[in-house]
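Asker: The residues making up each chain are set out below.
Number of protein chains: 2
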Amino acid sequence: MSSGRPATHCKKHLLLKGLQLFNQQGYHNTRLQQLLQCCGVPKGTFYNFFSSKDGFVLAIIENYFQLEAERLSITAELPQASHFQKIYKYWEIQIETYGTETDRIATLIANLSAEMPLGSTKLRLAILKTRADIIQVITEDMQICQQEGSIRSDVTPRALAEFIWCGWQGALLSVRLCKNTAPLQEFLKTLRLLEQAPGS
Amino acid sequence: MSSGRPATHCKKHLLLKGLQLFNQQGYHNTRLQQLLQCCGVPKGTFYNFFSSKDGFVLAIIENYFQLEAERLSITAELPQASHFQKIYKYWEIQIETYGTETDRIATLIANLSAEMPLGSTKLRLAILKTRADIIQVITEDMQICQQEGSIRSDVTPRALAEFIWCGWQGALLSVRLCKNTAPLQEFLKTLRLLEQAPGS
Chain A
1 MSSGRPATHC KKHLLLKGLQ LFNQQGYHNT RLQQLLQCCG VPKGTFYNFF
51 SSKDGFVLAI IENYFQLEAE RLSITAELPQ ASHFQKIYKY WEIQIETYGT
101 ETDRIATLIA NLSAEMPLGS TKLRLAILKT RADIIQVITE DMQICQQEGS
151 IRSDVTPRAL AEFIWCGWQG ALLSVRLCKN TAPLQEFLKT LRLLEQAPGS
Chain B
1 MSSGRPATHC KKHLLLKGLQ LFNQQGYHNT RLQQLLQCCG VPKGTFYNFF
51 SSKDGFVLAI IENYFQLEAE RLSITAELPQ ASHFQKIYKY WEIQIETYGT
101 ETDRIATLIA NLSAEMPLGS TKLRLAILKT RADIIQVITE DMQICQQEGS
151 IRSDVTPRAL AEFIWCGWQG ALLSVRLCKN TAPLQEFLKT LRLLEQAPGS
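Chains A and B, in that order, are what the protein sequence lines are. Residue 1 is where the first sequence starts when you use the UniProt record's numbering, and the numbers rise one by one after that. Residue 1 is where the second sequence starts when you use the UniProt record's numbering, and the numbers rise one by one after that.
Isolated chain A (complex conformation):
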């Protein structure tokens, strides 16, 4: 191609805009036509990249999970802080940048979990796999936190990770309902329950 936008640019733009639209409007309320108009991309180009709306969502999940996993491991800042403090800071930044910088894959998963038709087995399994991958990352973090003694150790790292994931997902639903990030902030504040309890 010697002129126009390169194909990779188009594809990336569609993936990013798709994530944003699905998160803002929900999966079913987002029409393909609207996505194409927002991106200035003809229908034929879309179908060069993706087989269907479901295939498009799968591509978004694959693309953004990698990005999110990288973010999760960015804990090099705050060299003096405990691992729990670093993760806590990462969660705070996620809330601060909610809806601005990028819309997160966690929101997409929350929406899709609720909206998904019963028949979409391939899509369900892909979401389930991403859920498991994210929980695995959090589990490893909880393991480190317990080893350094910054959080209570009377619950397994995996149980803690599942607990955090559920709470975060539920808080995201409340954010959508309340139209502000207060539920996420409240959730994060109360998550300090995980730290060593007073008197222990």
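Since the hints were made in silico from the structure, they are not lab data. Keep in mind that a hint or two might mislead.
In this list, chains with the same sequence are indistinguishable; a pair is considered to hold if it fits within one copy or across any two.
[Unchecked claim] Derived lysine to any residue pairs resembling SDA-like cross-links, with alpha carbons at most 25 Å apart:
1) 129 <-> 193
2) 53 <-> 29
3) 43 <-> 178
4) 53 <-> 178
5) 179 <-> 158
6) 189 <-> 31
7) 179 <-> 54
8) 129 <-> 179
9) 179 <-> 55
10) 122 <-> 143
11) 129 <-> 178
12) 53 <-> 32
13) 86 <-> 140
14) 189 <-> 154
15) 179 <-> 120
16) 179 <-> 157
17) 86 <-> 123
18) 12 <-> 143
19) 189 <-> 150
20) 122 <-> 28
21) 89 <-> 178
22) 122 <-> 90
23) 86 <-> 193
24) 89 <-> 155
25) 122 <-> 52
26) 43 <-> 106
27) 189 <-> 97
Knowing the structure of chain A, use the given hints to seat chain B on it.
Answerer: This is chain B only, laid out in the frame that chain A set:
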């Protein structure tokens, strides 16, 4: 009316079946036609009771919140147990009967929170009000638990209630994804973190 089913029967049947279908399939995937077929009710009868699909959902929320609030306050059993143990038992029963006895309003709220179009302000406000009402019920329970000393008191009752609500909502999303109640069971198990911490 001297013959056929009384109107109140029809209306109740529509509300119950509607709750079940919305919870199983999601709001957008449930067609009015399917509901009418399941209930053997003609379209005209539906519109005698409800103005629209949104109006129908509002009626379901109003109807079942009352029912759920009554359930929440049924803690007369286990006379020797602490208030926290009674509530915990109630939550366990909710999980045991998930998807069988009735589908709960909490699932409907989780699904609607994710699916709701941005424009449906009346519906959003109704869901928000029900969310606030349920959290208020849990807040009062947490207050009693803290007074009797069965749960930790370094977090406010309202913050605890919001935390429990978010976790439960997120676990419901995971249940939909996993197609079993393990995420709810895991969440409930870890919720024992609320009890007095070891060493305190």
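Asker: When no copy is specified for residue 179 and residue 55, does a C-alpha distance of 25 Å or less occur within a copy, between copies, both, or neither?
Answerer: between (29 Å within a copy, 22 Å between copies)
Asker: State whether the alpha carbon distance between residue 179 and residue 120 is at most 25 Å within one copy, between copies, both, or neither.
Answerer: between (29 Å within a copy, 13 Å between copies)
Asker: Which holds for residue 86 with residue 193 at a C-alpha limit of 25 Å: within a copy, between copies, both or neither?
Answerer: both (16 Å within a copy, 22 Å between copies)
Asker: How would you classify residue 129 and residue 193 at a CA-CA limit of 25 Å: within, between, both, or neither?
Answerer: neither (28 Å within a copy, 27 Å between copies)
Asker: Please sort residue 179 with residue 157 into within, between, both or neither, judging by C-alpha distance up to 25 Å.
Answerer: between (32 Å within a copy, 23 Å between copies)
Asker: Cα distance capped at 25 Å. Does residue 12 pair with residue 143 within a copy, between copies, both, or neither?
Answerer: neither (35 Å within a copy, 50 Å between copies)
Asker: Which holds for residue 179 with residue 54 at a C-alpha limit of 25 Å: within a copy, between copies, both or neither?
Answerer: Close across copies (20 Å), not inside one copy (27 Å); limit 25 Å.
Asker: When no copy is specified for residue 129 and residue 179, does a C-alpha distance of 25 Å or less occur within a copy, between copies, both, or neither?
Answerer: between (29 Å within a copy, 14 Å between copies)
Asker: Could you figure out if residue 53 and residue 29 sit no more than 25 Å apart (CA to CA) within one copy, between two copies, both or neither?
Answerer: For residue 53 and residue 29, both the intra-copy (12 Å) and inter-copy (15 Å) Cα distances are at most 25 Å.
Asker: Give the relationship of residue 129 and residue 178 under a CA distance limit of 25 Å: within one copy only, between copies only, both, or neither.
Answerer: between (29 Å within a copy, 10 Å between copies)
Asker: Cα distance capped at 25 Å. Does residue 122 pair with residue 143 within a copy, between copies, both, or neither?
Answerer: neither (31 Å within a copy, 45 Å between copies)
Asker: For residue 86 vs residue 123, is the C-alpha pair at or below 25 Å within one copy, between two copies, both, or neither?
Answerer: neither (33 Å within a copy, 39 Å between copies)
Violated hints, listed in ascending order, are 1, 3, 6, 10, 17, 18, 22, 26; each of the other numbered hints is respected by the structure.
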